[in-house]
Amino acid sequence: MADILINVIIAFLAGSLLLGLHRKIMARVQKRPGPPIIQHLLHSLKFFFKETAFPKTVSMPFYIGIVFILAAIWIVGVIVGPVTHDSLLILFGVYAVYKIVEHNSGSSSGSPYGKASCVRAVLSAATELPLFAAVVLVYLVTGSMNIGNIISYQAANGPLVFSIPLAAIMFFLLLLSKSPYSPFGITKDKALISGFETEHFGFLRGFIMFSESISWYVMLWVFLTLFFGPLNVVGYVIGMIVITFITGFINAVTPILNPNHSVMSQITIGAICFVGTVLMILI
Amino acid sequence: MLDYLFYLLTFVIGSILGLLYSYKLHGEPYVADSSLDIKALIISVVGWVLAFNSGNVILGGIGFLLAGFVMGERPGYGRKETAIGLAIAIIIYLILHLMM
Numbered sequence: 503m504a505d506i507l508i509n510v511i512i513a514f515l516a517g518s519l520l521l522g523l524h525r526k527i528m529a530r531v532q533k534r535p536g537p538p539i540i541q542h543l544l545h546s547l548k549f550f551f552k553e554t555a556f557p558k559t560v561s562m563p564f565y566i567g568i569v570f571i572l573a574a575i576w577i578v579g580v581i582v583g584p585v586t587h588d589s590l591l592i593l594f595g596v597y598a599v600y601k602i603v604e605h606n607s608g609s610s611s612g613s614p615y616g617k618a619s620c621v622r623a624v625l626s627a628a629t630e631l632p633l634f635a636a637v638v639l640v641y642l643v644t645g646s647m648n649i650g651n652i653i654s655y656q657a658a659n660g661p662l663v664f665s666i667p668l669a670a671i672m673f674f675l676l677l678l679s680k681s682p683y684s685p686f687g688i689t690k691d692k693a694l695i696s697g698f699e700t701e702h703f704g705f706l707r708g709f710i711m712f713s714e715s716i717s718w719y720v721m722l723w724v725f726l727t728l729f730f731g732p733l734n735v736v737g738y739v740i741g742m743i744v745i746t747f748i749t750g751f752i753n754a755v756t757p758i759l760n761p762n763h764s765v766m767s768q769i770t771i772g773a774i775c776f777v778g779t780v781l782m783i784l785i
Numbered sequence: 035m036l037d038y039l040f041y042l043l044t045f046v047i048g049s050i051l052g053l054l055y056s057y058k059l060h061g062e063p064y065v066a067d068s069s070l071d072i073k074a075l076i077i078s079v080v081g082w083v084l085a086f087n088s089g090n091v092i093l094g095g096i097g098f099l100l101a102g103f104v105m106g107e108r109p110g111y112g113r114k115e116t117a118i119g120l121a122i123a124i125i126i127y128l129i130l131h132l133m134m
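Protein chains in written order, with the numbering used here: chain S, 503 to 785; chain B, 35 to 134.
These are calculated hints, taken from the structure and not from any lab test.
Among the hints, a few may not be true.
[To be verified] On the chain S side, residues computed to face chain B include the following (Cβ under 8 angstroms):
id, residue
1, Asn509
2, Leu515
3, Pro538
4, Ile758
[To be verified] In silico negatives: residues of chain B with every beta carbon more than 10 angstroms from chain S:
id, residue
5, Ser49
6, Ile50
7, Leu53
8, Leu70
9, Leu75
10, Val80
11, Met105
12, Ile126
Where a beta carbon is used, it is the ideal one built from N, C-alpha and C, also for glycine.
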């Protein structure tokens, strides 16, 4: 239990700092000073002490419940990943539920912005296809869905990024989609204000930001663990910073795609990488 | 894992203190002084060197607190100092771990 608590707090703090770094990198690329790296964490904490207002149009049980479900699924992500090294399928389930949360969070708010974001959340489920394909390819190569076994396989045979690089690109596509201000971030397009989060205020928004920090940490951890073999803490820190840097740079120089282009790009890249990896495995 | 939590917490606390101190020192609406701050440089070098090379939880925590203090300063301040401190700490780390 203590291990879970420690890992969740680490995921929250490290994820917040990485998202702060992400904002800073984007700002520097765009020749702005940008906020301090600590800003995302301060924002998250600030919301817990802000007044929480409930719009009249909300569907109350969903509106509140969905926020706690969001926090719960990413805490499950921490438990399945860094704590127990359990099955990848549970992590895939976590990501699938996350999409449902995006959808319901938008629809329960009663706001037109939330509802538009809710519809786009269904479209953006296209990101799950590359994720699922990457998981399948990792299974085909290692013969296991268990993260512990996959780490052992890589310890014996070298990191998977060298044997199935296209699968790693597919997974990276998911990271890119989930990163803030992503070209594929159609659910949080600024035309929709804050998308499905628009009507969540005060401690509810605090919980959402808490969950987002944890989700960023968990996804980076899973990516590094699946494709870069057994890593020590320094390896994880460097890897997380490098990936945050790359996604920050891409997001700073790439405009957001419209929903159709976003979905088609993700599916096309996913399909090419999947077929390419299968060919590499067969040949 | 408790060690890493301790390091993260000290870094965060250091950053918050650095931000508050820096805003108290520089209230201007723009970056008024971009010269190298020797005091911040010393804090940064000591902080990063301790953080990376002390091998002790308490000293490492103090190192991250000091490093966070300079790195967390108001945007536009503490950047060069952080870069120099980080570079020196990494060089010392490499010398200690790769050359020995």
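- Per the stated criterion, does the least C-beta distance between Leu75/B and chain S lie above 10 angstroms, as a non-interface residue requires? Label holds. Min Cβ-Cβ 19 angstroms, cutoff 10 angstroms.
- Does Ile758/S pass the interface check with chain B, least Cβ-Cβ distance below 8 angstroms? 25 angstroms, violated
- Examine each Cβ of chain S, and state whether all of them lie more than 10 angstroms from the Cβ of Leu53/B. Answer for Leu53/B: violated, closest chain S Cβ roughly 6 angstroms.
- Query: Far enough from chain S: is every CB of that chain over 10 angstroms from the CB of Ile50/B?
  - Reply: With a cut-off of 10 angstroms, Ile50/B comes too close to chain S, as the shortest Cβ separation is near 6 angstroms.
- Query: Once the shortest beta carbon distance from Leu515/S to chain B is found, is it less than 8 angstroms?
  - Reply: At 4 angstroms from the nearest chain B Cβ, Leu515/S passes the 8 angstroms test, so the hint holds.
- Query: Is the nearest Cβ of chain S still more than 10 angstroms from the Cβ of Val80/B?
  - Reply: 20 angstroms, holds
- Task: Check the non-interface label on Leu70/B: least C-beta distance to chain S beyond 10 angstroms or not.
- Result: At about 18 angstroms from chain S, Leu70/B clears the 10 angstroms cut-off, so the statement holds.
- For Met105/B, which was marked as not at the interface, is the minimum beta-carbon distance to chain S over 10 angstroms? 7 angstroms, violated
- With 8 angstroms as the cut and Cβ atoms as the points, is Pro538/S at the interface with chain B? Pro538/S check passes; min Cβ-Cβ to chain B is 6 angstroms, inside 8 angstroms.
- Query: For Ile126/B, is the shortest beta carbon distance to chain S beyond 10 angstroms?
  - Reply: Given that every Cβ of chain S is farther than 10 angstroms from that of Ile126/B, nearest at about 15 angstroms, it holds.
- Item | Given as non-interface: Ser49/B, partner chain S, CB spacing beyond 10 angstroms | 4 angstroms, violated
- Message: Hint validation: Asn509/S versus chain B, beta carbon distance must be below 8 angstroms. Holds or violated?
- Response: 6 angstroms, holds
Hint check: violations occur at hints 4, 5, 6, 7 and 11; the rest are consistent with the structure.
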